[in-house]
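A.B. asks: In case you want the letters, here they are:
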Amino acid sequence: MDILNQLFAGLSLGSVLLLAALGLALTFGQMGVINMAHGEFMMAGAYTAFVVQGVVGSAGVSLLVALPLGFLVGGVLGLVLEATLIHRMYHRPLDTLLVTWGVALVLQQVARDVFGAPNVDVTAPEWLSGAVTVGGVALPKTRLFILAVAVVCVATLALVLQATPLGRRIRAVVQHRDLAEASGISSRGTDRLTFFIGSGMAGIAGVALTLLGSIGPTLGTSYIVDAFLVVVAGGIGQIKGTVIAATALGLMQSFFEYSTTASVAKVLVFVVIVAFLQVRPQGLVTVRTRSLV
Amino acid sequence: MRLRTHAGTRSLGVLSIAALAVTALTACGAQVDAAGADPSAGTADSCVDTSGDTVRIGFLNSLSGTMAISEQTVHDSLQLAAAEINADGGVLGKQLEVVTEDGQSEPTVFAEKATKLITSDCVAAVFGGWTSASRKAMLPVFESNDSLLFYPVQYEGLEASPNIFYTGATTNQQIVPALDYLAEQGVESLFLVGSDYVFPRTANKIINAYAEAHGIEVLGEEYAPLGHTDFSTIVNKVRSADADAVFNTLNGDSNVAFFKEYSNAGLAADEMPVLSVSIAEEEIGGIGVENVEGQLTAWNYYQTVDTPENAAFVEAFKAEYGEDRVTSDPMEAAYDSLHLWKGMVEKAGSFAVADVQEAADGVSFDAPEGTVTVDGDNHHIAKTALIGRIGADGLIHTEWSSDGPIEPDPFLEGYDWADGLS
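For the protein sequence lines, the chains are B and E, in the order given. When we follow the UniProt record's numbering, the leftmost residue of the first sequence carries the number 1, and every step to the right adds one. When we follow the UniProt record's numbering, the leftmost residue of the second sequence carries the number 1, and every step to the right adds one.
This is chain E alone, in the form it adopts within the complex:
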């Protein structure tokens, strides 16, 4: 196509709209489907080779793309756990041989790479995934090939696959305790702010049900598209509603823009605290401590947790990756997942998936966050909920903790008010 530059106004307009469409499409990411799940590839006979001195495992994290920011840290933590286990004599006497694949922040790529790890690298288990979209895309791959995935991130619950172990929190270990805490503090009204996708919408459904049952008024519910950067209108709405607290399920960069706007608009943690479920130590540096100091978070682990296991974990991590690095909840959950898998394999005395699944129930690990135990029924783990306050040092300090580990309840069956949610 030849186009004279001084005269092609209209064609250029059309062309640039096409360019916009391209950008918009890439920004949205690929549609979630299980392209990599080829049922014909599903053979129960695994090709895992356990005859030698080593056994292969797969790490599948996004090392490129938008999610690389978060998933690289999980990858670092998994590498640390593998190195520790190898230095300690391996699993059942076999050294771990790690095969790393890049999920590229695309659910379809996650499914493809998972298939590759299982069928051509013949790994005994795969560790990784972050977004729920990536997990949903990998689920059929692991089920049809009867292999194991260890997923290390808190998520929206309502799922339990025999082929996935969920080492992050489900809703009753993070969101529900956070609401309990707020109710205990005398909060009578809430404003909900979240990103516009599955996790915040599901979380807010749970929050609304909880609020209705506990006499808390929800004054507003606002969603921003992922990657939204202008929060002046939403902050205006928050200010006008004047709730006792804000429950924040924003994800990624939007948090930065939201908190900068929040503090610039003169709203402060002591008058209207914001409780966030997606901000960990790693994100605070990017948001700027001065913008989030004093705000609340809900997780199961903080770098400041006072256990000997955590002291050792933080020290080992900093020694490996640098003094300026911090540790966070998903990193710790990933670190735990490898150790839990080791525990299951050693209890079973076998690397076979069926044996590991059978041995899983009750396997525990003295994790940095405290002792965690696997629930054999739903494959989640019992974890202690911690509400933390962000300090001027950029770390999060525990403000409140649940009475011991909370049994996982991904479908919220033990809560009357949650009837009809799942």
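The shape of chain B in the complex, shown without the other chains:
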């Protein structure tokens, strides 16, 4: 029974990591932009849920309203960041790293000034309180909900990438930017849309996280490291790799933690990833291209 409990804990942690990393996989993967402010977009999504709850009142309705709204808020923030700063430094990854980190600090302080320094709380709706017991394993409903949100997000994203003209353009740009441009695809417009969707995913992740933890200005910083780990281990530019890596990382963390302690488990996970990247520096799944580098 403990093993099943831990299995669920691992899957659940994996789904959280997946939500946090999904948008990053898109922006990092396609444009090579190391967006350190991704965590702050999650924070913005979380505060969106808080504001919506204040306006709507009912916890059940507000969560459902907050999910799309969080996507919009995260997306628009991403769009603004892309249009004002990032597009000026597409070929300077080190600079984007520093600039977006600065933006992250600014956003944290803005949140502190607007919402106050103390953390705030979003009440989970009635229908998400408590747990469902299946075969002796208690599955908290909030975690089931997050699992479902993650599955829906991945499915939607996969559908968009595989079956829409937009998705074809995105994939084309990821695989070969110059060739895509030569074929008449506006890589500029595609970049914007990708950044919008990727950042919007961060917003959704933020809304979902309100069910698990506290909402504070530094919410994003606790997830950004893990999110980058997932993307790097999963392989850049492929959603499939991100899904596998997030699940594996979640399971590893929960089983290591069960047999050791939380701190040791973190170390072990890092060790495994570093070792793995020695063998496969390009990550689990990669896009095969004929480019020379």
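Incorrect hints may have been included.
Simulated crosslink set (BS3-like; lysine-lysine; CA at most 30 Å straight-line) [as the list claims (entries may be wrong)]:
1) K266/B / K342/E
2) K266/B / K136/E
3) K116/E / K94/E
Read the hints as simulated data drawn from the structure, not as lab findings.
Got chain B; can you put chain E on it based on the hints?
C.D. replies: Chain E alone, transformed into the frame defined by chain B:
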């Protein structure tokens, strides 16, 4: 470095690992050292100017960074105390002139700013600090410059500096009474959950020693890294161990994630109560009342304490900062610290550090929590321990209190079972 975006997979991987390292480093904060303590600056001749109508004091709290959440409230409370003292005629007839510095949640910055307050602003005393790391970093600064620090937060004990007054609880005024209470309630087994740093580890050492001497079984001891947000595994372990109660020394945001997980997993206060030593009124709003209702806390002050002094304190605080604000133990201890310093200075008839130290013993103040008295030997203060239960109103209500103020014993010398801890 030029990097083609479609082809730089490997370099990007390396770069992002570097980014992770940067983030991880900043998250850990700076290494604690006494960078600001320059022994050559240590002059016993203080530059404090008491010739005019005013005297300078320093407030040193983190107004930015992760600790700003907590320390801003202490800062507000100190400002309130200063305003009250000034309206009441000041200290020895002199108005207080407050110099505020931001510790930025970094121990090294605390040491630097403390040096600045003492040597260039020439303040008569400094009030502030929160984390033990910040206090440890400031200690050599105050000792080498022979100045005074008033530290307002409960801590892990095992310290007594002639240059620091500790107005929060030491372990025998918070953790030990909490264990007494649990034992009295018939608790026979405990599960310990804490953040992975000095305070919880020291606290749990004390708890283990106490448990061994009192026949309480410790069924598990789990530490989560600071800022840890996924508690499903730890909660699973707590559930499997099925102890009578949980002793919680988690700090900061982790509490929120822990309690949400705890209540979502179907564990409840009436079956397995959690006693926390780091959750005060200020934190309850962030955790969500529904997640902690009915759980226990151990402090020396609650907003609901029924004394005329507290009624006045709460009213004045709300009038100054807004009806929605709450008051908590560290805020009250900070408020007391300024009043206690005033008492010491007026008893000594002097602002000089040596005179204040000499006059300190026995100085008391009718604080919101009840009368508190300074112990001249170890510079801590006698306080009454209060076990409280979190109510549906988001406030904490006293459930049990010690018989009057407990004399401070930072090294637990008066407890046989604590032999060998210090």
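A.B. asks: Now tell me, hint by hint, if it's right for this structure.
C.D. replies: Each hint tested on the structure:
| no. | hint | verdict |
| --- | --- | --- |
| 1 | K266/B / K342/E | violated (48 Å) |
| 2 | K266/B / K136/E | holds (28 Å) |
| 3 | K116/E / K94/E | holds (22 Å) |
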